[in-house]
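*Asks:* Those sequence lines, one after another, are chains A and B. Residue numbers are given in numbering that gives the first Met the number 0: position 39 of the first sequence equals residue 38, and the series is strictly consecutive. Residue numbers are given in numbering that gives the first Met the number 0: position 257 of the second sequence equals residue 256, and the series is strictly consecutive.
By construction, these hints were calculated from the structure, which means they are not laboratory data. It cannot be assumed that every hint is accurate.
[What the hints assert, rightly or not] Chain A stretches covered by chain B per the calculated footprint, using a threshold of three residues with CB under 8 Å from any CB of chain B:
1) 7-19
2) 24-36
3) 48-56
[To be verified] Now the in silico label distances, taken between C-beta atoms and shown as ranges:
4) A/Leu16 / B/Gln110: 54 to 64 Å
5) A/Leu16 / B/Arg106: 18 to 28 Å
6) B/Arg108 / A/Gln76: 14 to 24 Å
7) B/Leu100 / A/Leu22: 19 to 29 Å
8) A/Ser62 / B/Leu100: 51 to 61 Å
9) A/Val3 / B/Gln109: 47 to 57 Å
10) B/Gln114 / A/Gln76: 21 to 31 Å
[Claimed, not checked] Each computed SDA-like pair below joins lysine to any residue, with the alpha-carbon atoms no more than 25 Å apart:
11) A/Lys54 / A/Val10
12) A/Lys54 / B/Gly237
13) A/Lys54 / B/Gly165
14) A/Lys54 / A/Ile70
15) A/Lys54 / B/Val263
16) A/Lys54 / B/Leu100
17) A/Lys54 / B/Gly181
18) A/Lys54 / B/Cys59
19) A/Lys54 / B/Val56
20) A/Lys54 / A/Pro21
21) A/Lys54 / A/Ser19
22) A/Lys54 / B/Gly54
23) A/Lys54 / A/Phe96
24) A/Lys54 / A/Val43
25) A/Lys54 / A/Leu36
26) A/Lys54 / B/Gly62
27) A/Lys54 / A/Val65
In this text, a Cβ means the ideal position worked out from N, Cα and C, and glycines have one as well.
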Amino acid sequence: MIPVIGLAVGVVLGLVLDPSVPLWLQPYLPIAVVAALDAVFGGVRARFDRIFDAKVFVVSFVSNVVVAALIVFLGDQLGVGAQLSTAVVVVLGIRIFGNAAAIRRHLFRA
Amino acid sequence: MTTPGPAEPDPPAEEPAQPDPPAEAPVEALATAAGVPPVEPSAGERPRRRRSRRGLVAACLIGVLTLLLGFAIAVQVRSTDTGQQLAGAREEDLVRVLDDLTSREDRLRQQAAEQRAVLAQLGSSDTESAGALEEARQRERTLGLLDGTVAARGPGLELTVNDPEGLISAADLVNVVLELRGAGAETMQVDDVRVGVDTAVTGTPGDLAVDGQAVQAPYRVRVIGIPEDLAPALSIPGGVADRVASRRGTLDVVPSQDVVVDAVRPLTVLRHAEPADHD
Numbered sequence: 000m001i002p003v004i005g006l007a008v009g010v011v012l013g014l015v016l017d018p019s020v021p022l023w024l025q026p027y028l029p030i031a032v033v034a035a036l037d038a039v040f041g042g043v044r045a046r047f048d049r050i051f052d053a054k055v056f057v058v059s060f061v062s063n064v065v066v067a068a069l070i071v072f073l074g075d076q077l078g079v080g081a082q083l084s085t086a087v088v089v090v091l092g093i094r095i096f097g098n099a100a101a102i103r104r105h106l107f108r109a
Numbered sequence: 000m001t002t003p004g005p006a007e008p009d010p011p012a013e014e015p016a017q018p019d020p021p022a023e024a025p026v027e028a029l030a031t032a033a034g035v036p037p038v039e040p041s042a043g044e045r046p047r048r049r050r051s052r053r054g055l056v057a058a059c060l061i062g063v064l065t066l067l068l069g070f071a072i073a074v075q076v077r078s079t080d081t082g083q084q085l086a087g088a089r090e091e092d093l094v095r096v097l098d099d100l101t102s103r104e105d106r107l108r109q110q111a112a113e114q115r116a117v118l119a120q121l122g123s124s125d126t127e128s129a130g131a132l133e134e135a136r137q138r139e140r141t142l143g144l145l146d147g148t149v150a151a152r153g154p155g156l157e158l159t160v161n162d163p164e165g166l167i168s169a170a171d172l173v174n175v176v177l178e179l180r181g182a183g184a185e186t187m188q189v190d191d192v193r194v195g196v197d198t199a200v201t202g203t204p205g206d207l208a209v210d211g212q213a214v215q216a217p218y219r220v221r222v223i224g225i226p227e228d229l230a231p232a233l234s235i236p237g238g239v240a241d242r243v244a245s246r247r248g249t250l251d252v253v254p255s256q257d258v259v260v261d262a263v264r265p266l267t268v269l270r271h272a273e274p275a276d277h278d
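Chain A on its own, in the form it takes in the complex (with noise of 0.2 Å):
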């Protein structure tokens, strides 16, 4: 329920805030929601299980948006920022897509 709120609320404050996203953040911002997002899936799919755990979901959610970003970074500074980009997000894209089977198999059971 909580992960729910806070995502409703903070769409509202985003629209309602409208913030212009900092330069050097506009890079990373896209990969950091997307790995966010990923972390969103996989905690959503361990309640499924029964095998929730709020500190791990806490950690990988923290990480993978790090990780991400740094994998980013580290790519722009070698010049391959957009292949790395790509390569991220589709990992990302790849693991939510698992997650989401899985999910998929709890709700509907098929």
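Following the hints, complete the assembly by docking chain B onto the known chain A.
*Replies:* Same frame as chain A, now just chain B:
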């Protein structure tokens, strides 16, 4: 479903299978370590309070994190919408975008040039055809006047050939017409018959016909041309005036600035001659 999915084994940074039981276990271990009696961890009061406080902190953290996530999603969607994402784009992306734009601009420029050329062509052909049309109209008017298919008006003479004794012959009348033409007459009519290129005067004196149409004395000739040129041409010695006088007739010449030649001839349809195109 408790059976692990195919994606289950690989996620490393996530909670699913492994991390949870160990995460639960240390709490209990800690509790047993803290609590003096090693009996039952859940029976002790302090472990329970600890756990509930931990739960509260976790819930707060989860709430903050998801709130941040929602915020980030909203902000990112917004900034992607507004198109200001170019500001944070990478150099290589910008170069690509610039290349795309440049090639697109080239294409559009080329298209514009082509269209402009077509437009110019159309415009020039338009003015050309308008000019040709105007010229054709002009020619039509001129030819119509010369051929006698349209009525004409302008400065000229009104000529009356009196023939009280009926002695004026067809040759005399033709002579009048030729003399006027020679003096620059542009078009004329005899009584109600327009004079054209193939006009003939036939009949015997007193019973003349112009182009087959009978005319009666006095013959009234209306001619368009410069009056000052036409009038002297009639009165030269041995000219028209003299010949009419020799037939005991008289010639009345009235110059006018507005002579109306309103008799028309049917359009001559040529059956044999065709324009020899040389273009």
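*Asks:* Each of the hints needs a verdict: does it hold here or not?
*Replies:* Quick rundown of the hints versus the structure:
Only residues whose C-beta sits within less than 8 Å of a C-beta in chain B count toward coverage, and the stretch 7-19 of chain A has 11 of them, enough to reach three; the restraint holds. Here the stretch 24-36 of chain A counts 9 residues with a CB under 8 Å from a CB of chain B, which clears the bar of 3, and the coverage holds. For the stretch 48-56 of chain A, the stated coverage by chain B holds: 8 residues have a C-beta nearer than 8 Å to a C-beta of that chain, and at least 3 were required. For leucine 16 of chain A and glutamine 110 of chain B, the Cβ-Cβ distance of about 44 Å falls outside the hinted range of 54 to 64 Å, so the restraint is violated.
At about 41 Å, the CB distance of leucine 16 of chain A to arginine 106 of chain B disagrees with the hint of 18 to 28 Å. Remark: the range hint 14 to 24 Å for arginine 108 of chain B to glutamine 76 of chain A is contradicted by a beta-carbon distance near 38 Å. Take leucine 100 of chain B and leucine 22 of chain A: their Cβ atoms lie about 22 Å apart, and the range 19 to 29 Å holds. Remark: the range hint 51 to 61 Å for serine 62 of chain A to leucine 100 of chain B is contradicted by a beta-carbon distance near 39 Å.
For valine 3 of chain A paired with glutamine 109 of chain B, a C-beta distance near 55 Å keeps the hint of 47 to 57 Å intact. Distance hint check: the CB atoms of glutamine 114 of chain B and glutamine 76 of chain A are about 48 Å apart, inconsistent with the given range 21 to 31 Å. Between lysine 54 of chain A and valine 10 of chain A the CA atoms are separated by roughly 24 Å; this keeps the pair inside 25 Å, and the hint holds. For the hint linking lysine 54 of chain A to glycine 237 of chain B, the alpha-carbon distance of about 138 Å lies beyond 25 Å, and the restraint is violated.
Annotation: proposed proximity of lysine 54 of chain A to glycine 165 of chain B is violated, straight-line Cα distance about 140 Å (limit 25 Å). Note on lysine 54 of chain A and isoleucine 70 of chain A: the hinted pairing holds, with a Cα-Cα distance of about 24 Å set against a maximum of 25 Å. A threshold of 25 Å between alpha carbons decides the hint, and for lysine 54 of chain A with valine 263 of chain B the separation of about 113 Å lies outside it, so the pair is violated. For the hint linking lysine 54 of chain A to leucine 100 of chain B, the alpha-carbon distance of about 49 Å lies beyond 25 Å, and the restraint is violated.
Proposed proximity of lysine 54 of chain A and glycine 181 of chain B is contradicted: the alpha carbons are some 123 Å apart, above 25 Å. Our distance criterion of 25 Å between C-alpha atoms is met by lysine 54 of chain A and cysteine 59 of chain B, whose separation comes to about 11 Å. Annotation: proposed proximity of lysine 54 of chain A to valine 56 of chain B holds, straight-line Cα distance about 10 Å (limit 25 Å). Only pairs whose Cα atoms come within 25 Å are accepted, and lysine 54 of chain A paired with proline 21 of chain A is rejected, the gap being roughly 30 Å.
Our distance criterion of 25 Å between C-alpha atoms is broken by lysine 54 of chain A and serine 19 of chain A, whose separation comes to about 31 Å. Distance check on the hinted pair: lysine 54 of chain A and glycine 54 of chain B sit about 9 Å apart at the alpha-carbon level, within 25 Å; holds. This hinted pair checks out: lysine 54 of chain A and phenylalanine 96 of chain A have alpha carbons roughly 23 Å apart, not beyond 25 Å. At most 25 Å may separate the alpha-carbon atoms for a hinted pair to count; lysine 54 of chain A and valine 43 of chain A meet this at roughly 14 Å.
A distance of roughly 17 Å separates the Cα atoms of lysine 54 of chain A and leucine 36 of chain A; the hinted pair therefore holds under the 25 Å criterion. The hinted pair formed by lysine 54 of chain A and glycine 62 of chain B meets the criterion: a straight-line CA distance of about 13 Å does not exceed 25 Å. Between the alpha carbons of lysine 54 of chain A and valine 65 of chain A the distance comes to roughly 16 Å, so the proposed pair stays at or under 25 Å and holds.
Hints 4, 5, 6, 8, 10, 12, 13, 15, 16, 17, 20 and 21 from the list above are not met by this structure, while the remaining hints are.
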